[in-house]
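Chains as they are written, first to last, in my numbering: chain A, 1 to 149; chain B, 150 to 552.
No lab work stands behind these hints: they were computed from the structure. Be careful, since some hints might not be right.
[To be verified] Heads up, simulated DSS-like pairs for lysine-lysine below, C-alpha to C-alpha not over 25 Å straight-line:
hint	chain 1	residue 1	chain 2	residue 2
1	A	Lys105	A	Lys83
2	B	Lys392	B	Lys156
3	B	Lys234	B	Lys156
4	B	Lys258	B	Lys185
5	A	Lys19	B	Lys331
6	A	Lys118	B	Lys313
7	B	Lys546	B	Lys516
8	B	Lys258	B	Lys356
9	A	Lys52	A	Lys19
10	B	Lys356	B	Lys392
11	B	Lys392	B	Lys313
12	A	Lys19	B	Lys156
13	B	Lys546	A	Lys19
14	A	Lys118	A	Lys140
15	A	Lys19	B	Lys258
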Amino acid sequence: MDNDRLRAMYQEMILEHNKSPRNFGPLEGHTHYGHGKNPLCGDDYEFYLEVKNDVIERVGFTGDGCAISKSSASMLTTMVKGKSIEDARKLSETFLEFILNEGPKESLGKLKIFEGVKQFPVRVKCATLSWRALEQALLKTKHIASTEA
Amino acid sequence: MTTMLNKKVDFPVLNTTMRGNDLVYLDNAATTQKPKSVLETMNHFLTKENGTVNRGVYFLSQEATKKCDDSRKSIQLFLNAASEKEIIFVKGTTEAINLVAYSYGELLKAGDEILITELEHHANIVPWQQLCLRRGCILKVAPITDDGHLDLNEFKKLLSSKTKLVSFCHISNSIGTINPAKEMIKLAKEVGAKVMIDGAQAVSHLKVDVQDLDCDFYAFSGHKCFGPTGIGVLYGKEALLEKMPPFMTGGDMIETVSFQSSSFAELPRKFEAGTPAIVEIIGLGEAIKYMNSLDFTEIQEYEQKLLNLAQEKLGELDVRLIGPTHTKAAIVSFVVNGVHAHDVGTILDMEGIAVRVGHHCTQPLMKRYKVSSTIRASFCFYNNMDDVDALVRGLKKVREFLG
Chain A
1 MDNDRLRAMY QEMILEHNKS PRNFGPLEGH THYGHGKNPL CGDDYEFYLE VKNDVIERVG
61 FTGDGCAISK SSASMLTTMV KGKSIEDARK LSETFLEFIL NEGPKESLGK LKIFEGVKQF
121 PVRVKCATLS WRALEQALLK TKHIASTEA
Chain B
150 MTTMLNKKVD FPVLNTTMRG NDLVYLDNAA TTQKPKSVLE TMNHFLTKEN GTVNRGVYFL
210 SQEATKKCDD SRKSIQLFLN AASEKEIIFV KGTTEAINLV AYSYGELLKA GDEILITELE
270 HHANIVPWQQ LCLRRGCILK VAPITDDGHL DLNEFKKLLS SKTKLVSFCH ISNSIGTINP
330 AKEMIKLAKE VGAKVMIDGA QAVSHLKVDV QDLDCDFYAF SGHKCFGPTG IGVLYGKEAL
390 LEKMPPFMTG GDMIETVSFQ SSSFAELPRK FEAGTPAIVE IIGLGEAIKY MNSLDFTEIQ
450 EYEQKLLNLA QEKLGELDVR LIGPTHTKAA IVSFVVNGVH AHDVGTILDM EGIAVRVGHH
510 CTQPLMKRYK VSSTIRASFC FYNNMDDVDA LVRGLKKVRE FLG
């Protein structure tokens with residue numbers, strides 16, 4: 001039972017993104033920047049976006065944290081690349097609504113895989129951290145997104 | 150292991166199950182479990198004897214006052230302080246350090262130096278930083294060596310006639326180092342500095358004698374030595390406490406009050422404004438009674454055996470141990486290579502094993518070791534070798550799940 005819950009959270013795809021994160025590294029010439037931190041566990045990620053004509057053309061991230069936060073960051077970068085700012089914000093909203101509440105998952109594509117995390121309430125913020133940082137980046141604020149704000 | 154202390158029987162929580170397994174509680178550096186005697190004493194007081202202290206003329210209040218006085222007396226004897234006046238009740242170690250930073254800090258001036266070490270908990274860093282901002286003092290930090298011990302030569306070099314206060318942990322909460330307190334105090338006294346010891350981790354592991362140490366202040370928290378949360382102790386030398394202004398002011402700490410001025414109560418009440426944490430004080434008194442029933446020499450030997458076994462078995466796994474391997478309390482800090490501490494903590498939790506993962510309120514120390522977080526297993530005399538085995542099995546499961 002507990003093993004099933006663990007397997008539901010630590011899905012293959014999550015572990016794979018954790019081991020080989022996509023778009024990992026800083027981005028020269030970025031137009032948008034977001035920073036997310038969890039002061040309680042030390043997870044810390046920075047996101048770099050290059051936006052042209054309202055479209056996220058390139059994206060990169062740096063930082064370190066647990067398997068859930070890192071795979072979430074990695075999958076975020078693959079999901080928002082090529083999207084308009086508006087579509088990226090919509091996706092972020094839908095994902096947060098899905099993971100924090102009972103929001104629908106149909107439009108989330110492979111992000112549905114984070115459903116297992118909902119079984120572990122203290123780990124939910126590991127999955128949301130990078131999306132919070134993305135929102136900061138898109139809003140162009142100077143605030144650090146914190147899980148404890 | 151030849152002997153088992155079998156103390157789990159005294160602690161109800163330790164006889165419960167967690168997620169279908171026997172609870173394996175290895176977060177004793179964060180908080181210890183409470184023996185039955187403490188729980189029963191507190192419950193009895195609240196259900197049969199509850200009353201306030203110091204002012205009631207009725208029976209309940211007189212009894213409550215006497216019980217709190219008895220508790221203070223037992224703490225005085227426990228620490229071997231010279232007088233009950235030197236035992237001040239506070240919320241915990243954090244408040245004790247803040248009390249000294251605010252009150253003793255009033256006696257400091259710009260340019261005076263405060264010396265701490267790289268091992269410190271945030272509670273023994275931030276109050277001094279804030280004091281430096283208020284008074285223009287300078288904070289100095291004595292480094293540790295790679296193996297997690299204080300670099301005594303560097304410590305000596307940082308001491309000078311400018312050093313007014315040295316504050317350090319007796320035992321590191323994060324990596325378990327036992328500081329050579331007596332030697333450090335002697336060195337600090339040679340330059341005329343006062344010494345504060347953060348004893349939060351020490352009182353449950355070793356016998357503390359404040360007169361033998363010759364420290365000026367010593368602080369600990371009740372909940373880390375088998376008592377309740379919300380209560381702790383600041384020991385201070387009487388002559389020094391007399392010179393210090395009050396920290397918090399209000400009821401209970403006054404002698405007379407008028408709208409023009411007030412005069413303050415004698416020690417220790419000068420530092421105890423407001424209705425105290427009565428049932429917590431009584432609970433702490435009972436916890437001290439429990440500790441007095443233990444043989445600390447035996448406990449130290451036993452905990453060292455647990456520590457050695459844990460270090461040996463963890464050494465066989467793909468982990469990196471952080472900090473010292475000797476002259477340390479039974480606290481093991483480590484990282485599982487390639488796996489984040491948080492993921493390790495979740496998987497251990499599924500096995501009913503409670504460990505702390507994170508920076509343990511010692512971010513500068515984590516930075517020193519170039520890690521963002523570690524897994525910390527902190528043992529107590531009620532743990533046994535089965536707990537060590539459970540931890541090792543749990544860590545093998547981490548590999549199974551996370552590769």
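Verification of the hints:
1. Lys105(A) x Lys83(A): This hinted pair holds, its Cα atoms lying about 18 Å apart.
2. Lys392(B) x Lys156(B): Violated, at roughly 44 Å.
3. Lys234(B) x Lys156(B): Violated, at roughly 34 Å.
4. Lys258(B) x Lys185(B): Distance ~48 Å between Lys258(B) and Lys185(B) Cα, so the pair is violated.
5. Lys19(A) x Lys331(B): Since the Cα atoms of Lys19(A) and Lys331(B) sit roughly 48 Å apart, the hinted pair is violated (cutoff 25 Å).
6. Lys118(A) x Lys313(B): This hinted pair is violated, its Cα atoms lying about 52 Å apart.
7. Lys546(B) x Lys516(B): Given that 25 Å is the threshold and the Cα spacing comes to 28 Å, the pair is violated.
8. Lys258(B) x Lys356(B): violated (35 Å)
9. Lys52(A) x Lys19(A): violated (30 Å)
10. Lys356(B) x Lys392(B): Outside the cut-off at roughly 29 Å; violated.
11. Lys392(B) x Lys313(B): holds (15 Å)
12. Lys19(A) x Lys156(B): violated (43 Å)
13. Lys546(B) x Lys19(A): At roughly 18 Å apart (the allowed maximum being 25 Å), Lys19(A) and Lys546(B) satisfy the hint.
14. Lys118(A) x Lys140(A): At roughly 29 Å apart (the allowed maximum being 25 Å), Lys140(A) and Lys118(A) break the hint.
15. Lys19(A) x Lys258(B): Outside the cut-off at roughly 53 Å; violated.
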